[in-house]
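Engineer: Residues 42 to 410 in my numbering are what the sequence shown lists, from first letter to last.
It cannot be assumed that every hint is accurate.
No farther apart than 16 Å at their CA atoms in a straight line, the calculated lysine to aspartate or glutamate pairs in the EDC-like style are these [as the list claims (entries may be wrong)]: (1) K323 with D302; (2) K323 with E369; (3) K378 with D321; (4) K234 with E224; (5) K78 with D91; (6) K378 with E322; (7) K53 with E285; (8) K53 with E284; (9) K389 with D372; (10) K69 with D118; (11) K273 with D252; (12) K258 with D118; (13) K173 with D91; (14) K323 with D310.
Since the hints were made in silico from the structure, they are not lab data.
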Amino acid sequence: MSDMLRAPAEIKYAEELDWLESVDDGPKPFSWRLSPKMVRLFILGSERADGLDREIPQKWFGDRSLVERAVVTLASDRGLLLIGDPGTGKSWLAELLAAAICRSSTLVVQGTAGTTEDHIKYSWNVSMVIAKGQSRESMIPSPIMTAMETGAIGRFEELTRSTSDVQDALISILSEKYISVPELDSDSIVFAKPGFSIIATANSRDRGVNDLSSALKRRFNFVRIPVVTNRKSEAEIVRFRTEELLRRHRIELDVPPTLLDVLLQSFADLRASAAAGSDDEKLESALSSAEQIGVLEDAILHSNFFGERELTARALASSLVGSLARREPEDLAILNKYLHGVVEPRSKEQGGSWPEFLEGGRDAIATLS
């Protein structure tokens, strides 16, 4: 795993999955590697009441009922659509589900304007076709077709960014559970094996890009992933991801709880301001937990390589401005208003890390202006 920039969940947690499989005596749908209860436990972590001999850490932070609904959907013959704002952990949840169910989370199609039917069905090895003609050997199966042939979970990221032709092709796969290959005279149908399903994700902010048809919606169970606003849960998410980051980069650097509180409070302030204001007063950023992690990651790396190998409020503020100011001058004006209207009074009243955070934010805005 050390030679992978980012190991998929089934490799990263291979030892844990092996152990869970060895002690799992629950009923398993189709060819699932773990029972639904163990899938949930793998994702949400173990509790004392589970009676396990070892602790299983929590990997996705969200409502238990959302995970249970997702697992139940995949145990049926319907597709699962995870929909929500950017950065709410949809793709991470999809990866964990696939890793726990079939130990394969990499059968992924990325939806874009350039995604074609070939990407979800099959294409051809041109040199083999020229040499030997069209056959199953010269066919290149898509990740979705591979999932069908192996009874695994196929993933489709950003479904609403793909065109209507691609979405229509997906309807047939979800309905009929097979793909026809008309170019072949024999063995021209690829049937899905038991256990096959599709987990798709969609960005709720992409509504109107390529809206899903009613026919495709009927083939999916929708699970809406909300933005995490609970302070405790959000702190756990950021802390969990930050610890992973530090291990991956082999960085020994403490994240003071006071600075984590400053980061969480800043995002809470900006969300409240966005909710109360007009569209012109909203940052382009979704202000998600993922973006908080990005801000903290940037500040940690900058402090490690160019600072005093110590995270400071100044570095955090600079990272926040640099990460969230995507439109100029609109976002810079919004952030400047926040610093003067909220952070400046708070720094006078509370002190602590806020004065340095204010100074770092002002300097960052001045540099970008």
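Engineer: Starting from K173, check that the Cα of D91 is at most 16 Å away, please.
Structural biologist: violated, 57 Å
Engineer: Does E285 sit within 16 Å of K53, going by the straight-line distance between their CA atoms?
Structural biologist: With Cα atoms ~11 Å apart, K53 and E285 stay inside 16 Å; holds.
Engineer: For the pair supplied as a hint, K258 and D118, is the alpha-carbon distance within the 16 Å limit?
Structural biologist: holds, 14 Å
Engineer: Quick one, are K323 and E369 close enough, alpha carbons at most 16 Å?
Structural biologist: Cα-Cα ~13 Å, so holds.
Engineer: Holds or violated: K323 with D302, Cα cutoff 16 Å?
Structural biologist: violated, 22 Å
Engineer: Is the hinted pair K78 and D91 satisfied, with a Cα-Cα distance of at most 16 Å?
Structural biologist: holds, 10 Å
Engineer: Between K69 and D118, is the straight-line Cα distance small enough, at 16 Å or below?
Structural biologist: At roughly 15 Å apart (the allowed maximum being 16 Å), D118 and K69 satisfy the hint.
Engineer: Would the hint linking K323 and D310 be met if the CA-CA limit is 16 Å?
Structural biologist: Answer holds: K323 to D310 is near 12 Å, not above 16 Å.
Engineer: Can the restraint linking K378 and E322 be considered satisfied, given a maximum Cα separation of 16 Å?
Structural biologist: Roughly 10 Å between the alpha carbons, so the hint for K378 and E322 holds.
Engineer: Can the restraint linking K378 and D321 be considered satisfied, given a maximum Cα separation of 16 Å?
Structural biologist: It holds: about 13 Å lies between the C-alpha atoms, which stays within 16 Å.
Engineer: Is the straight-line distance between the alpha-carbon of K273 and that of D252 16 Å or less?
Structural biologist: With Cα atoms ~35 Å apart, K273 and D252 exceed 16 Å; violated.
Engineer: Measure nothing beyond the straight line between the CA atoms of K53 and E284; if it is 16 Å or shorter, mark the hint as holding.
Structural biologist: holds, 15 Å
The structure is inconsistent with the numbered hints 1, 4, 9, 11, 13, although it conforms to all the rest.
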